[in-house]
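Undergrad: This is what each chain is made of:
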Amino acid sequence: MKIINFCKALILLVAFFGSAGFAQSNKVLIVNSEKAVYRYETIATEFKKVLQQNAYQWAEFNLDGHANAEAELKQLIEQENPALIYCIGTQAYSLVHNVAPNKKMLFSAAINWRRLDVGAGTYGVANELSSAQELSLLRYFFPTIKTIGLLYNDSFSREYVETIKKDALASGINIINKPINDTQEISGALNELLPKIDIFWIISDPVVLSNKESVRQIFQAAQQQKKPVYAYSDVYIEQGAVLSISADIATIGRQSAGLAMMAEQDKVPGGTVQSPAGSMVTLNKCALDALKLKFNQDALDSVNKIVGCDQ
Amino acid sequence: MIKYLSTLLIGVLLLNSSAYANESTEHDSLEKELAYLAAERKVVVTASKMEEHVDKTVATTTVITQDDIAHIGARNLLDVLRLVPGIGITQTQFGWREIEVRGVKTGLSEKVQIMLNGHPLDHNLQNAGSAWVYDDLPVDTIKRVEVVRGPGSALYGANAFLAVINIITQNAKDLNGLQTSAGWGSFDTQQYRASWGKQFKNTAEAALHFNFTDTNGINSPIPADSLSVQGLNSSAPGKSQLTEGRYDLEWQLGYQDFKLDGRYINKKAGTFFGAASILSDNRTQQDYNDYFLRLSRIWKIKDNFTVDTQLFHDYFSYDNLWQVAPTQFIRSGLQDTRTGGEIQANYHFSDAQTLISGFSYAKEQQGNLIDEAGSDPARLTPTLTTTEERIRNRWGVYLEDVWDPLKSVRLTLGARYDRYNDFGGTFNPRMGFNWEFIKNYSLKFSYGTAYRAPAFGELGLANNPILLGNPMLKPEEVKTFETGIIAHPVAGLTTQATYYHSAINQIISQVPVQSTISKYENSGSVIAEGVELEARYDFDGNLQGSYISANHVLQHSVQLGRQLADVPQHRTNLTALWAFDNTWSSFAHVLIKDSTSRNLGDTRQDVPGYALLDLGLLGKNMFGKKVDISFNVYNLFDKRYYDPASTSLNFIGDYQMAGRAFFGHVSLKF
Chain A
1 MKIINFCKAL ILLVAFFGSA GFAQSNKVLI VNSEKAVYRY ETIATEFKKV
51 LQQNAYQWAE FNLDGHANAE AELKQLIEQE NPALIYCIGT QAYSLVHNVA
101 PNKKMLFSAA INWRRLDVGA GTYGVANELS SAQELSLLRY FFPTIKTIGL
151 LYNDSFSREY VETIKKDALA SGINIINKPI NDTQEISGAL NELLPKIDIF
201 WIISDPVVLS NKESVRQIFQ AAQQQKKPVY AYSDVYIEQG AVLSISADIA
251 TIGRQSAGLA MMAEQDKVPG GTVQSPAGSM VTLNKCALDA LKLKFNQDAL
301 DSVNKIVGCD Q
Chain B
1 MIKYLSTLLI GVLLLNSSAY ANESTEHDSL EKELAYLAAE RKVVVTASKM
51 EEHVDKTVAT TTVITQDDIA HIGARNLLDV LRLVPGIGIT QTQFGWREIE
101 VRGVKTGLSE KVQIMLNGHP LDHNLQNAGS AWVYDDLPVD TIKRVEVVRG
151 PGSALYGANA FLAVINIITQ NAKDLNGLQT SAGWGSFDTQ QYRASWGKQF
201 KNTAEAALHF NFTDTNGINS PIPADSLSVQ GLNSSAPGKS QLTEGRYDLE
251 WQLGYQDFKL DGRYINKKAG TFFGAASILS DNRTQQDYND YFLRLSRIWK
301 IKDNFTVDTQ LFHDYFSYDN LWQVAPTQFI RSGLQDTRTG GEIQANYHFS
351 DAQTLISGFS YAKEQQGNLI DEAGSDPARL TPTLTTTEER IRNRWGVYLE
401 DVWDPLKSVR LTLGARYDRY NDFGGTFNPR MGFNWEFIKN YSLKFSYGTA
451 YRAPAFGELG LANNPILLGN PMLKPEEVKT FETGIIAHPV AGLTTQATYY
501 HSAINQIISQ VPVQSTISKY ENSGSVIAEG VELEARYDFD GNLQGSYISA
551 NHVLQHSVQL GRQLADVPQH RTNLTALWAF DNTWSSFAHV LIKDSTSRNL
601 GDTRQDVPGY ALLDLGLLGK NMFGKKVDIS FNVYNLFDKR YYDPASTSLN
651 FIGDYQMAGR AFFGHVSLKF
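Chains as they are written, first to last, in the numbering used here: chain A, 1 to 311; chain B, 1 to 670.
Pulled out of the complex, with its shape left as it was, chain A reads as follows (with noise of 0.2 Å):
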């Protein structure tokens, strides 16, 4: 090629780039993992409420509904050009990470955020409170605690279990945690560690909670020993936990609303991962009097829920 012609080639190109506008549009394309789920359901709810609010435009991608969503996804992507991409669930920000990895991403009700690869443009809210919160209302409810429980799943749970150690050793509680890889092991791992504990915490692990057999071997052995059980969802009160500080599900979505909207015009810096901001306390007095525990009278203030043995 005579050096002219490259030169023209060169030329065309540059001006291919140069003549296009670099115009964003408002527009957030909301993933939900599974429809059908409650949590991811309301969450979506409440955060296309406020969208509507403030006169946001969105589109809807629902991953279960569809046989070849990455393709139809990339492809909707691409033909809605959205400014900011909103992911529910674990397996939306996955998809939407694979797929547009350069576009202006936020996420919540995805366990253990800390295990996702957040870029600069990523936001999130957290599915799990802070610990170190949660940490500090147990030592206010139960001042005599000295030692934790917990079971997890490695592949789920690694990143959190370490920021509850960290945090532990702060408040100068020690967590005995114990790894398991399958349901079967949960029975096993609670007879060791349940005698060397003062309490047992719950904590979001999917492969820890897979099934409603599961939860039952926990509170059975919990109750056996006569350890009682802390919970991050009100969901376990029933079960027989003593305490719970679950995270409110629709202030999640309302709070991603108002996480997007400063993202996307840049209020916030990238790689802001916020816990979730609106949180509710609820006592079993029922598991406590059984158990015969002692708590601090005072705490009773914080709670908003106290669940008697007639309830």
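In case anyone wonders, no lab produced these hints; they're calculated from the structure.
It is possible that part of the hints are untrue.
[As the list claims (entries may be wrong)] In silico DSS-like cross-links for lysine-lysine, where the CA-CA straight-line distance does not exceed 30 Å: (1) A:K227 with B:K639; (2) A:K35 with B:K268; (3) B:K198 with B:K259; (4) B:K32 with A:K178.
As the structure is a computational prediction, the values presented were derived from the model and not from experiment.
Assemble the complex: chain A is given as a structure, and chain B must be docked to it using the hints.
TA: Relative to the frame of chain A, chain B by itself:
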């Protein structure tokens, strides 16, 4: 009293229903929570999983996706490989192409291992290499091509010497129905493809691909041959006769954890120049058959412990008629088979550590030799065989540990020992690390060795008046050290710089033993070193889907103090993709190749360098997302350029490559 009883009954009923409702709500809440956890359990996004990203691997890897292939407007695998840094493609006199990797090029590309869905394709035991039938592999059914530059014998065994090219084709899930495509272009090129895939409810799945390709070849002018320069009767001046036609049939059948897959290829080709130093007329015919059949199963022992098992049978045969003089023909043919199995255990100690170990065994066999000669291709008579029937048994054991001691650090340690019944054992280690020392900046280092097993033709060549086989040959060896850095300085920008140094020893070369006779010997060594620079910027916003990228290699390969012949010291690829909208996009590619020097004693001037511009236009998802259309122009400015002809053909100059060429392609989904 009745009123009292009925009130009591209603009260009891109400209380009961209320209690039931409470219980039901509580159970619902737990069920909802467990359903959420189950949904989260579906995907494991672990640190180690993330580190399988190209950035985090220890090896230098380039991945070309289906989308990239569509934009390139690739006509075959070669058009895809051309864009990979460190890889160059050139024409041979016989027809197949040479794949140059990191400054090292050989006529049979036997130092490059090509794999299809992880299965090695070096089925030609006589001459090694996979370029025979896989160089012009159709690309319509390809989902991804992964090119790993550097030695891979520690995991893949023989012949993963300079690079591993793994071609991943579409499976049942990718197809999900019927897809067809057709392409037409210059040189009477035509391509047709039909693929069908379906996943059934009972876990069964099936994917079938069929390709047909035919071309008359580029008809390159051949000004002279050894006869014409003496004033004797010959086909020269004339044109190259590299017609190529092929059928490919691929299948992937799965049920539960079992999978049966394979590919059959029949390829017929003419020749570019010919087998001897005379220009062949159109009576040279190469006929290749190649297939493999693999039955595999994944055994899930525990969540963190799986075992992959496979049995395979590979087949390769050729039956070629070569014109060696205007009225003299030889026919040569053979059949090669490789039958064996492999068992590989994958143990995930934790997200931070995975151990892979395995054992493989294969029996390789060569037979059904055909050697004939005569003046009439229809009436040839048997001659002495030029090679021998041969059986080889080999086994290998390997172990690899991938360990992330920190989230930002990955260490890889591996080794493989292979034992052959004919030349003994060979041990090949591999080690490396990847360290993300600052967010988005990773440093790589690796060291590894690899080997290429002597081919049957090199061991047992016989009755050849000018070249002798050598049953005492040892494998060729390479030791490679490489280090590099990958960085994402700003969103959308990926940059990579790699330095490599390879020492190739015990090269199997043709060494003169008498004035006119040579013999295969382990002789000589090559030092190849170079730097590969890559950068790609993906646009966002209105230009979502557009990118510009560039790669440049500076390579220096030395044998006996001289730069290797026919290998450029610089090669650059510039590419740009502009997505006009959701449907239309255009693609531009500029290849700039440095001049190449000649062999010692070859007095021709260096082969001049050149720059070529290709342009393409692609329309995707048209007419209800059912139709894709593309049109590409190669060598837009009709640049005249040449691939080097071997020193033995120095009297003809070099091979003139294709001028401006067009290719149009239509793809339909049902």
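Undergrad: Does each hint fit the structure? Answer for all of them.
TA: Here is how each hint holds up against the structure:
Annotation: proposed proximity of K227 (chain A) to K639 (chain B) is violated, straight-line Cα distance about 82 Å (limit 30 Å). The suggested pairing of K35 (chain A) with K268 (chain B) is violated, with an alpha-carbon distance near 53 Å, which exceeds 30 Å. Of the pairs offered as hints, the one joining K198 (chain B) and K259 (chain B) holds, with about 14 Å between alpha carbons and a cut-off of 30 Å not exceeded. Distance hint between K32 (chain B) and K178 (chain A) is fulfilled; the C-alpha atoms sit about 26 Å from each other, no more than 30 Å.
Hint violations for this structure: numbers 1, 2, all remaining hints satisfied.
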